[in-house]
Amino acid sequence: MIFNSTVFLLFFAGVTLLFWLVRKNAEHRNLLIVAASLLFYGWWDWRFVGLLLMTGALDFYAAQRIEASSEKSVRKRWLMLSLISNLGALGFFKYWGFFVDSAVNALASFGIEASRPMLSIILPAGISFYTFQALSYTVDVYRGTLKCDRNPIRYFAFLTFFPQLVAGPIERASFLLPQFHVTRQVTGALVNRGIWLIIWGFFMKVVLADYLGPLVDLAFGSPSAGGRVVFLGTLAFGGQIYCDFAGYSSIALGVANTLGFQLSVNFSQPYLSGNIQEFWRRWHQTLSTWFRDYIYIPLGGDRRGTRRTLINVVGTFGLAGLWHGANWTYIIWGFCHGVALAVYRLWKSSSLGRSWTMPWPVGWLLTLSVVATGWLFFRATSVEHAFSLLTAWWNGQPPLWAGSYLLAVLPAILAILGMDFFNRHCPWERVSQWPLAARVGIQATLLVFVVARWGREASPFIYFQF
Amino acid sequence: MSSIPPQRPDGTPPSHVYELRGSGIVANLVATFGTVLAVGVVVSFFVRSPLAPKPPFSSDPDSTIIATKVALARNSTAAQIGFVGDSSCLIDLDVATLESVSQWTVVNLGTLSYLSLDSFGVLAGEFSKGRQSPRIILVVHPDCLRVSSPSPAHRAILDSALGSGRAAMLQTNDTLSAYLGFDEFRVRVSDHWIPHPLKGAFGNRYGFTADLRDSLIHRKGTMDESARFDAQANHASAEYRLAPRIESECREFRSKLPEGTRIRVIVTPVPKSHALKSHEAKTREMQSQLEDWLGADKPAFDLPLVMPDADFGTVTHLTPEGAVRYSRLVGDALRSWK
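Keeping their order, the protein sequence lines are chains A and B.
Just add 741 to the spot in the first sequence (first one is 1) and you have the working numbering.
Just add 89 to the spot in the second sequence (first one is 1) and you have the working numbering.
Among the hints, erroneous ones may be present.
Over the 12 Å line for every Cβ pair with chain B, so calculated as not near, a few chain A residues [to be verified]:
no. : residue
1   : 763
2   : 786
3   : 813
4   : 818
5   : 840
6   : 891
7   : 921
8   : 1013
9   : 1107
10  : 1134
11  : 1155
12  : 1184
In silico contact screen, one side only, chain A against chain B (beta carbon under 10 Å); selected entries [to be verified]:
no. : residue
13  : 761
14  : 766
15  : 926
16  : 1193
Just so you know, the hints here were simulated from the structure itself, not pulled from any lab data.
Ideal Cβ positions, reconstructed from N, Cα and C, are used throughout, including at glycine.
Sequences and hints are given; from them, build the entire structure.
As structure tokens, this is what we get:
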């Protein structure tokens, strides 16, 4: 079930009504959330529900065994079991084909012929998201920073909470799980914030991302799209993926708010960042912090000297790239960002970097250049495709329709920057103080565009494939 | 905000409490959705009023082709011959080649097989208006003749482009957007300034609907096929026949044209590997029947009904190179049309 569908709107209305009916009993509420979440998830393919329940049950049990034991070896064994089951499922469903193809190609380069095992594997929606959420639970229990939950319904409500199940935000158990323990207060302020976020989310997805989608396909799919079109197409993809993913996150936060729950903010106007470090504090924040806490810091973080820190940064981003998908283009995208961040750290630690602050427009343009180059790899279908597009940036002849392309892309890019500028300066905390008429004016304007584009060229959210 | 209520007697806490009084949620929702509804009402009245601009028909390739052909039919005053027909007419006949070989001035008004023969007649009639003994050539692929029913949506686009119907859209649906008039607003207003990208191979070649329209006008109605024919792929049946509707449509076609209009019929070729042994004989028979129903000039032009696979993009369309070769043959044949 995708958010931008009529069936989801009906589902959400039904859940809200049932939610009101079960308001007197927290157990019933949690049970309703689990049932609704499994229905939401099973709407794609009911077989995936089994995988989700299986790995979830194993983590639930492993966490209890970890907590119950004082022996380090026993605790470690149960943690390993949880890691293997989660990463094993992720590896099998997501990376099997990639690793087999890479191995076969590597052998072929040595003149060794190897056949590919034929397996047709469908990727379960959102497996990377819920796997990381489940992993953080068992790791935190192992580290002793979290007490395990012995109530399976509550645990599964945390793991499968439908607003964020398939595309995040990737929540920590320490933040979300306690919310299923206590009585939630559904306040007017929270519901109004939810409505605001849902409308903004739909506007970003249905109006901006789905408008840019066919334009991106045109630039990346056309062999004759030279220079200017590929460059603009890359910017368009940056806008599409942002509006698609941040739109989803906004709807997720809004839906959770209307049910009285809080989720973590995932995007904070990343394209207004003045440097690459700031960009990563504003882009997919819950994934960034996950990698920081469970990969970068355990690797030593910045505690083992400059050289090791830089290796840790680049390595962590390489893994973040691989998390996105089984393709070298994602890994290169990750390394692009890792190297940029490493260069930024070196610059900041240099005497010039410490004494001179780069003017914001220069930093902004540099950041956007790095981000756009990364997006080109991210969107390309293969490394060869990416390099052919990169070459076209500089010397490709523009097709006859390059003028129309500029006319089509530029207003959307400006609208996205304008939207981010507005949201940076007018966050909800400020907007909520405005007169109702002003808020309604903005909501209704956004909603008119959403209604006008609803159902036209509707596409699933890009991050579902990760 | 009230404090969290105490636990229930059985030890379980209450799930959640609603603190909504005075929060303005109802006012917020009613005002927001009410405003959208009010905007919809205003837009609905506007698009039905004479103030609404005429649609540019640029929201999809089919509408663009049909509307551009209507404009070409009306504005090609210098053209001596008007070619009308399905997409094989649109793609297989290269006007520049035809004109240079035949010495006639022509315009290609070929559209799509989704339209019926009588719709082609409407375009031919539009072209013939105000001309002394106009000349029309109907160009169809055998596949177009067996289609059981044309598309009413495409006919609505044609009527709308001619100004005899309301703004029509191919992508009509029963969404809220359509009821509130937003779809028609898009077709009539925003399509004037929002470029629409084309998909697939046509996207690579033409980019946007506006660029397709400019190219059609510049090339007097000719369009290029970007695909390459694959003989191994699954194709529709190679057995062609005349659908029962064709006879009445031919008479409708004729009725749209003024007295003294000269008509010829061309049936476009199929790839060699696709043609049955009986294809040529059967097709000539169908062509003769069409000529009778249309009251067309006879004998038919001596043109190939089968061509090498290499000249084709699809079963129904020639490649640009194949179209030039075929157009030379058609141009040669036209020279003898006195």
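Taking the hints in turn, this is what the structure says about them:
1. 763: violated (6 Å)
2. 786: holds (26 Å)
3. 813: holds (36 Å)
4. 818: With a cut-off of 12 Å, residue 818 (chain A) remains clear of chain B, as the shortest Cβ separation is near 35 Å.
5. 840: holds (32 Å)
6. 891: Residue 891 (chain A) is indeed farther than 12 Å from all Cβ atoms of chain B, at 15 Å.
7. 921: For residue 921 (chain A), whose nearest Cβ neighbour in chain B is about 10 Å away, the distance does not exceed 12 Å, so it is violated.
8. 1013: holds (26 Å)
9. 1107: holds (30 Å)
10. 1134: Residue 1134 (chain A) is indeed farther than 12 Å from all Cβ atoms of chain B, at 18 Å.
11. 1155: holds (14 Å)
12. 1184: violated (5 Å)
13. 761: holds (7 Å)
14. 766: Hint holds; residue 766 (chain A) Cβ to chain B Cβ min 6 Å, cut 10 Å.
15. 926: Nearest chain B Cβ about 6 Å off; hint holds.
16. 1193: Holds, because the Cβ-Cβ distance from residue 1193 (chain A) to chain B comes to roughly 4 Å (cut-off 10 Å).
The structure fails to meet hints 1, 7 and 12 from the earlier list, while all remaining hints are met.
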